Structure formats: structure tokens, C-alpha cells
Amino acid sequence: KAGVTQTPRYLIKTRGQQVTLSCSPISGHRSVSWYQQTPGQGLQFLFEYFSETQRNKGNFPGRFSGRQFSNSRSEMNVSTLELGDSALYLCASSYVSGGPSTDTQYFGPGTRLTVL
Amino acid sequence: AQSVTQPDIHITVSEGASLELRCNYSYGATPYLFWYVQSPGQGLQLLLKYFSGDTLVQGIKGFEAEFKRSQSSFNLRKPSVHWSDAAEYFCAVGAQSAGKSTFGDGTTLTVKP
Numbered sequence: 023k024a025g026v027t028q029t030p031r032y033l034i035k036t037r038g039q040q041v042t043l044s045c046s047p048i049s050g051h052r053s054v055s056w057y058q059q060t061p062g063q064g065l066q067f068l069f070e071y072f073s074e075t076q077r078n079k080g081n082f083p084g085r086f087s088g089r090q091f092s093n094s095r096s097e098m099n100v101s102t103l104e105l106g107d108s109a110l111y112l113c114a115s116s117y118v119s120g121g122p123s124t125d126t127q128y129f130g131p132g133t134r135l136t137v138l
Numbered sequence: 003a004q005s006v007t008q009p010d011i012h013i014t015v016s017e018g019a020s021l022e023l024r025c026n027y028s029y030g031a032t033p034y035l036f037w038y039v040q041s042p043g044q045g046l047q048l049l050l051k052y053f054s055g056d057t058l059v060q061g062i063k064g065f066e067a068e069f070k071r072s073q074s075s076f077n078l079r080k081p082s083v084h085w086s087d088a089a090e091y092f093c094a095v096g097a098q099s100a101g102k103s104t105f106g107d108g109t110t111l112t113v114k115p
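Taken in sequence, the protein lines are chains S and D.
The numbering used here runs 22 ahead of the 1-based position in the first sequence.
The numbering used here runs 2 ahead of the 1-based position in the second sequence.
In short, the hints are calculated from the structure, not lab data.
Any given hint could turn out to be false.
[Claimed, not checked] If we take Cβ atoms under 8 Å as the criterion, some of the chain S residues that face chain D in the derived model are: (1) G38; (2) Q39; (3) S55; (4) P61; (5) G62; (6) F67; (7) E70; (8) L112; (9) Q127; (10) Y128; (11) F129; (12) G132.
Since this is a predicted model, take the numbers as computed values, not measurements.
Cβ coordinates follow ideal geometry from the N, Cα and C atoms, glycine included.
Using the sequences provided together with the hints, build the complete structure.
Here you go:
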């Protein structure tokens with residue numbers, strides 16, 4: 023089974039621009055979560071999507087948004103980029119059958135975003 | 003609110019020596035606990051997880067962790083470290099839905115030859 027894939031792997035943008043990152047979950051996984059990883063703040067939860075609906079949301083400004091498609095693929099968007107948005111953005115997918123033993127997150131390699 | 007503390011930012015051990023990475027959590031109910039490893043420039047790989055049952059959990063790559071409710075701890079151990087174990091290790095606690103996990107700040111492991 024293919025793992026979680028994220029595109030692009032690297033991205034350079036300038037302040038004020040917007041960016042869209044993509045995540046393809048493991049086949050059959052219906053939950054996709056996004057995390058931001060920075061040296062100063064560590065790993066922080068952004069949001070989780072399940073069956074095209076946002077199920078959980080972290081403490082990030084409204085500039086950060088996401089969506090999930092019917093095939094479970096997910097995108098996250100950051101508008102009006104700031105220097106502090108430079109980070110590794112990680113996507114994770116999980117199966118979610120209702121039992122906790124299946125709710126294990128599998129992470130993609132991440133997208134490294136640099137804002138200049 | 004749930005939280006995770008990894009007291010050791012950086013640990014150095016000699017190859018072949020034993021390893022213990024500490025993790026303390028704060029959570030109101032029975033937590034779902036995870037350990038992940040991250041190599042430079044890579045995503046996170048799950049080492050092991052605890053949901054319920056036996057408090058000693060075996061994982062991949064020879065790692066194990068023990069859940070101690072009385073100490074709110076979930077320490078990761080390995081009896082003999084290999085040079086390839088050098089990486090950053092994250093402890094995480096999840097709510098009923100593991101789609102939202104809270105991570106510790108990580109412990110960087112250096113392995114001396």
C-alpha cells in the first residue's frame with residue numbers, strides 16, 4: 023500500500039502570497055489531519071477532516087484553511103503569507119472505523135514552506 | 003487541556019548502551035499515547051502506541067514503552083541502541099479521535115560510536 027503523499031515537497035513564497043498544499047492519504051483512510059512543525063513551536067495541530075467535514079480545529083488564524091474531497095484527498099491553504107508561516111507542514115491519515123485500535127495516524131514526508 | 007512534556011531536549015548515548023526517553027502527559031481521562039521518530043527532513047514514523055490493556059507496549063525497531071498511570075508517564079526504552087537510531091523522538095497524546103494529537107517538544111538522540 024502506498025503511504026501518505028504530499029505535494030509539493032518544497033515551496034518558496036513571498037510575504038502576502040497564498041499557497042495551497044496537497045495531501046493524498048493512504049488508500050481507504052478517511053481522516054486527514056494537518057500539522058505545522060517549526061523549531062520554535064514544535065508540532066502544532068492545524069485541523070482534521072473526516073468525510074469532507076472539518077472535525078477538529080487547532081488554534082490557528084483564519085488565514086489557514088483546508089478542505090477534503092470525496093476521494094479523501096485534502097488540501098490546505100494559507101492566505102496572506104507571513105514570515106512566521108515558514109515551516110514543515112505535515113499531513114497524517116488514519117482509517118477511523120470507530121475503534122481506537124484503528125485510529126493510528128500515518129504521516130507523510132511533509133511540505134517545507136519557506137516564506138521570504 | 004491535554005499536554006505532553008519531554009523533559010530531555012537532547013540525549014547522547016554510546017552505541018550498544020541502553021536508552022530511556024522520558025514522557026509525561028496531562029489528560030483528564032485514559033489517554034491514547036504514541037511515540038514517533040523523525041529523521042532529518044522526513045515525516046514522523048510511528049514506533050508504538052498505547053490505547054488500553056497491557057501497560058508494557060512493544061513497538062518496531064526493538065523499542066518498548068511502559069504506561070504508568072500513577073506517574074502520568076509513558077517512557078520509551080531500548081536495551082541496545084544502534085547508530086541508526088539517531089533521530090528526534092516525539093511523544094504524543096490523543097483524545098478519542100487520534101486525528102487530533104498533542105505532541106511534546108521532542109528529544110534529539112545522538113549516538114556515539
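query = How about S/E70: closest beta carbon in chain D under 8 Å, or not?
reply = S/E70 check passes; min Cβ-Cβ to chain D is 4 Å, inside 8 Å.
ask   = Against chain D, with CB atoms and a cut of 8 Å, does the hint on S/F129 hold up?
value = holds, 4 Å
ask   = Can we keep the S/G62 interface hint, with Cβ of chain D closer than 8 Å?
value = violated, 10 Å
request  = Go through the hint on S/Q39 and say holds or violated, using the shortest Cβ distance to chain D against 8 Å.
outcome  = violated, 24 Å
query = When the nearest CB of chain D is found for S/G132, is that gap smaller than 8 Å?
reply = holds, 5 Å
key: Interface hint outcome for S/S55 [beta carbon to chain D under 8 Å]   = holds, 5 Å
request  = With a cut-off of 8 Å on the beta carbons, see whether S/Q127 makes it to chain D.
outcome  = Because about 6 Å separates S/Q127 from the closest Cβ in chain D, which is inside the 8 Å limit, the hint holds.
request  = Would you check whether S/G38 satisfies its interface hint, that is, whether its CB is within less than 8 Å of any CB in chain D?
outcome  = violated, 27 Å
Agreement of hint S/L112 with chain D interface, Cβ distance less than 8 Å = holds, 6 Å
task = Let me know if the C-beta of S/P61 comes in closer than 8 Å to any C-beta of chain D, holds or violated.
result = violated, 10 Å
ask   = Was the hint right that S/Y128 lines chain D, CB cutoff 8 Å?
value = holds, 7 Å
key: Cut-off 8 Å, beta-carbon criterion: hint that S/F67 touches chain D   = holds, 5 Å
Against the hints set out earlier in the document, violations occur for numbers 1, 2, 4, 5.
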